[in-house]
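Chain residues, written in single-letter form:
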Amino acid sequence: MNEQNPVPPQIPPRIPPIATPGDYRQLGDDPAERVAITNVVAAIDAILRHPRRVMFQLRQPDAGKLIAMMLLVSVVCSLIYGVVAGTFSGGDQLWAAPAKIAAGLMISALICLPSLYIFTCLSGSQARLVEVCGLLAGLLMLMTILLIGFAPVAWIFSQSTDSLAWMGTLHLIFWFIATIFGLRFLETGFSHSNARSHAGFHTWVVIFLLVAVQMTTALRPIIGTADTFLPKEKQFFVSHWGDCLKTTDKDSKSRTRE
Amino acid sequence: MHTQPAKLKAHPAEIATLLRGETETISAWSECWSAQRFALHIAVIVLGAGLYGAAMGWWRDPQQALYVAIKFPLIILLTTMGNALINAMLAPLLGLNIPFRQSFSAILMSFTVAAAILGAFSPIIAFMVWNAPGLASKSLSGPAYNFILLAHVLVIAFAGMTGNVRLFQTLARLGGSKAVAFRVLVAWLAGNLFLGSQLSWILRPFIGSPTLPVEFLRQAAFHGNFFEAVFHSLQEIFNN
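Read top to bottom, the protein sequences are chains W and A.
Position 31 of the first sequence, counted from 1, bears residue number 31 in our numbering, the numbering being contiguous throughout.
Position 146 of the second sequence, counted from 1, bears residue number 404 in our numbering, the numbering being contiguous throughout.
Hints are computed from structural coordinates only; laboratory data are not their basis.
Since we're looking at a predicted model, the values are computed, not measured.
A virtual CB, placed ideally from N, CA and C, is assigned to each residue, including glycine.
Incorrect hints may have been included.
Said to hold, decoys possible - Label-pair ranges, simulated between beta-carbon atoms:
no., chain 1, residue 1, chain 2, residue 2, range
1, W, Gln60, A, Pro320, 26 to 34 Å
2, A, Asn483, W, Gln60, 41 to 49 Å
3, A, Ala487, W, Leu79, 36 to 44 Å
4, A, Ala342, W, Arg184, 41 to 49 Å
5, A, Val411, W, Glu233, 21 to 29 Å
6, W, Thr161, A, Leu447, 24 to 32 Å
Claimed, not checked - Under 7 Å between C-beta atoms, here's a sample of chain W residues computed to sit facing chain A:
no., residue
7, Cys121
8, Leu122
9, Gly124
10, Asn194
11, Ala218
12, Arg220
13, Val238
14, His240
15, Gly242
To be verified - Listed below are several chain W residues computed to face chain A (Cβ distance under 8 Å; list not exhaustive):
no., residue
16, Ser115
17, Tyr117
18, Val213
19, Gln214
20, Phe236
In isolation and in its complexed conformation, chain A is listed as follows (with noise of 0.2 Å):
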């Protein structure tokens, strides 16, 4: 498909063109590798998430807030990187013959996308947490824990959607057809989806516990993981 020739030098005004989902601009960034614009959505991911991540530890303590503040967008970063060469060999399999370089381009630009919206919602975020009695005299209940894991929960559902939602519109302009574009962005979705659990799980605490110390791991990071966890919580649900 042809698409305008790609600009070599990257703007930050041009976060805002990803946002608003102009697939002829995005498709030909894709197709065209500029180390400025990678640069820039590498920047744009680190500070939204760094910065959704501190509001969200700061509430268990400014030292979670800065450990969160690295651990959000490593995980991003990580996840992007791990699934990068599957990724590239799912696409072509599954009908939209792109290039690991462009295949690479287009998740990096959905994270980007959830990273820039997490990133707006970062204030929202520390203004609650600052409304909401302090976490570590508290136990892990009552209605302001529920209604901060509420919000979490809408912000970074609505951050990843999207970021899909425009995934799929970019696939689908590569691909030109959108049952492809499907195919590709589950596949995708579903090896990102099990690579970020398990992370999520090794760079566990975010929220933190005021019955635990805070600290950059736990010690059992690496102990177990993510889908032992919930198969161990279902069985003792069903036990009981």
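The following block holds chain W by itself, in its conformation from the complex (with noise of 0.2 Å):
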């Protein structure tokens, strides 16, 4: 008797991948993904909407001018956020807290800059130094759009509180729900780049972190107001938000025994 089936064996449909931010699909796949980002407005659409298209561009040659745009737009939101940040002290710091965010921003990222190229680099990613600087300025552009949406209710808080420690941990909450984001769009673009390991990443988004802290301490005040631009005297963050803390504390006690 012959056991071999006539009949093939059938063939289980393919299932489409799902997409998840994990998923290795290539960049381009889908044609949505290979239209031109020739506007501020397309820019921000696309990251908000279609990262993957913003991963793709930023690998076709003309990759500059999307850059250029993310910067723009990351220096006017962060420009915008400052004022409504500089409104909880008014007089100076309306002009003095945009300046000093919109520069913060940009130093941190050109500090973080060549440390996040090479440790794209040791993980076996493909990605050039041009990508890197796209990835990194979607970051800061998706940040800084976040933090407008997040721009209304920190002014809302700022006109009803005088607690500078409040503020100050009202902005830093934001900033990090917004950093957070930002962070997720640079590793899936990282991902993207035939990185083996996400080790060298990781590393990297701890320096970052402590790099954008510790630039709040070395530019205060920020929200608060004092004498100089900047301070006289060198802090570590740690030692800066304790302080800060502990004057917040006793005006706290005096106030309650009045």
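Dock the two chains into a complex; use the hints.
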């Protein structure tokens, strides 16, 4: 008896892969990702709705224009958020806070760019320096757009409270949430560059966060007031935050006694 | 082992290939001498280690920054050249039959990787130093000093380890055996550490001391050696 089955086995239908952040579909597979980003509005829309489109466009020869657009949006958005942060103290802080927030973000990114490129290369990624710059610009743009989203909430609180520590904490929380989304974009871009390991990237994230929080101390005061534009005394952020909390604690105790 | 023919012309973007550890290309580079590539690696060492040295010395004084920017690459280059002969002799004795030029090139490339990493971290170190209280007015203690010292140890250790991992990968490809590559790496590492630590001792100070003048070399630079100093320190610890 012939046991061979004359009917060929049925091949199960191919199920399209589910799109997840960790999914490794090639960039540009979807025709929508190949549509060029020609203006600022398209760049904002793309980074919020189709981040893969931004990642694909960053690999194209004319990525420089897109990077410049993203940096421009980051500067404008951080200036707007800075004005909102400055309304807490008013006066000179209305121009000093936006200048410090915009400059602080750009300087932090610039300081951390070489190490990001080195970690990218060490992890075996094929990303070029331009692409790494673009991903970092994307992180900044996404972060600052989200900060603009938080700005009305920050403004309401800045008009209704006198507590510097409370406002500082609130801005840090908003910044932290915005940064998480920005870093998620960066990591997705990193995953698409054939990186063997994410350990270097995660180390860089810690460095970037430390540099950024230290920048808030180096450029203080951002929401409070002072006699000079920049601080006279050098401090690490942990001791500065500790001092702020102690001052607030004393103020609140004296108010309770009054 | 057959490798792809290497290009004689070098491009700065090749540093990314070194960092990624693309052993096939790197082995081909080590087999084929290129003056341009050699100059590129030297330039990366001078620039990367120099920038890191500047960031390190800046805490004490801008003049100290200039001195350390010269001394840091000098240690790397002098160590590479000082041990070039013995390293080339040890390799065949330990089972890796490669010519002098290839062993020299492999070691130089590992230092290039380390220097590129150091250079990339130099803005972060400079930012830390800028945020720290001035060293000139403080004693060599306190959290800021310890924190910066720890950061230097971590960054230099990371750069050194990565350079050696890439060197190991290259040696394993050249020799076709991980055991041979490991033996050669340990021998080279021992020699480089031995000479490197003495050169660092001669070329001290790096961070500098607030109580001592800023100078390129200490007056007692050639008195004693690193290992004697370690031995005396250990003696003092146990005598107390």
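To see whether the hints hold, each was checked on the structure:
1. W:Gln60 - A:Pro320: 26 to 34 Å: violated (43 Å)
2. A:Asn483 - W:Gln60: 41 to 49 Å: violated (57 Å)
3. A:Ala487 - W:Leu79: 36 to 44 Å: violated (54 Å)
4. A:Ala342 - W:Arg184: 41 to 49 Å: holds (48 Å)
5. A:Val411 - W:Glu233: 21 to 29 Å: Since Val411 (chain A) and Glu233 (chain W) have Cβ atoms about 27 Å apart, the given range 21 to 29 Å holds.
6. W:Thr161 - A:Leu447: 24 to 32 Å: Violated, since Thr161 (chain W) and Leu447 (chain A) (Cβ atoms, about 59 Å apart) do not stay within the stated range.
7. Cys121: holds (4 Å)
8. Leu122: With a closest approach of 5 Å, the Leu122 (chain W) hint holds.
9. Gly124: Status holds, d = 5 Å.
10. Asn194: Violated, because the Cβ-Cβ distance from Asn194 (chain W) to chain A comes to roughly 10 Å (cut-off 7 Å).
11. Ala218: At 5 Å from the nearest chain A Cβ, Ala218 (chain W) passes the 7 Å test, so the hint holds.
12. Arg220: violated (11 Å)
13. Val238: Result: violated, 9 Å to nearest chain A Cβ.
14. His240: Check failed: Cβ of His240 (chain W) comes no nearer than 10 Å to chain A, outside 7 Å.
15. Gly242: violated (12 Å)
16. Ser115: Cβ of Ser115 (chain W) sits 5 Å from chain A, so the hint holds.
17. Tyr117: holds (7 Å)
18. Val213: violated (11 Å)
19. Gln214: Gln214 (chain W) check passes; min Cβ-Cβ to chain A is 6 Å, inside 8 Å.
20. Phe236: Result: holds, 7 Å to nearest chain A Cβ.
Of the numbered hints listed earlier, those contradicted by the structure are 1, 2, 3, 6, 10, 12, 13, 14, 15 and 18.
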